[in-house]
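K.L.:
Taken in order, these protein sequences are the chains called A and S. Going by our numbering, the first residue of the first sequence is number 1, and it counts up by one from there. Going by our numbering, the first residue of the second sequence is number 1, and it counts up by one from there.
Think of the hints as simulated: they come from the structure by calculation, not from any bench. Check the hints yourself; a few may be wrong.
Each pair of labels, with its calculated beta carbon distance range [what the hints assert, rightly or not]:
id	chain 1	residue 1	chain 2	residue 2	range
1	A	R22	S	D39	16 to 24 Å
2	S	G16	A	R97	36 to 44 Å
3	A	E53	S	L114	46 to 54 Å
4	A	R80	S	T20	43 to 51 Å
5	A	I54	S	T40	27 to 35 Å
6	A	E85	S	G41	14 to 22 Å
Think of the CB as a built atom: it goes at the ideal place given N, C-alpha and C, for glycine as much as any other residue.
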Amino acid sequence: EPEVTQTPSHQVTQMGQEVILRCVPISNHLYFYWYRQILGQKVEFLVSFYNNEISEKSEIFDDQFSVERPDGSNFTLKIRSTKLEDSAMYFCASRPRTAPTYEQYFGPGTRLTVT
Amino acid sequence: KNQVEQSPQSLIILEGKNCTLQCNYTVSPFSNLRWYKQDTGRGPVSLTIMTFSENTKSNGRYTATLDADTKQSSLHITASQLSDSASYICVVTILTGGGNKLTFGTGTQLKVEL
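Sequences are here, hints too, so could you generate the full structure?
P.N.:
Below is the structure:
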């Protein structure tokens, strides 16, 4: 069964450094999402992406964040200058356009640790 | 403010027993309600999805109910197994111009013991 994959599984970086989190959505999906989950807290929406542009973003998704679909398979989340509070699990999700109930399929997540 | 509240926060039950998890929401405009299971360190996995016109949906030992009038949902787990130990998250969807936006609850941490 097709699944969303994410790399790396764990990323450790120093404060102020740039990080790129990578996701490979399910191949025939058209909508893509990033979420984050700070340890012990609920999952929070960051951004949705469709037709090569951001369709919606939350207040968390400030100028330090960007997303890109550089080719036909990858979907990336870049944090330009990481802060301690960016430490969290980051989940990528995708969905097919025709899903009647708009099901989103989540990847296993990347744990980002900022030191 | 769009919110999803879940109770209890945590729950411990013996293997083979049943349990019911609760969800109250104040999300608008409502599109659908989902229950997800999230194992520690993993991404959420969908259990059920219900639109406002559905009041119950089952997936194996999981049965979800929805009362759109009172904005309440429940997830009932029958004959629990050790592998049911996980966080169960209620998620309400808002239809937006961008497709859909998920609002997550804080989850109920379920532990099933021998």
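K.L.:
Under the constraints set out in the numbered hints, which ones does this structure not fulfil?
P.N.:
When the structure is compared with the hints, none of them turns out to be violated.
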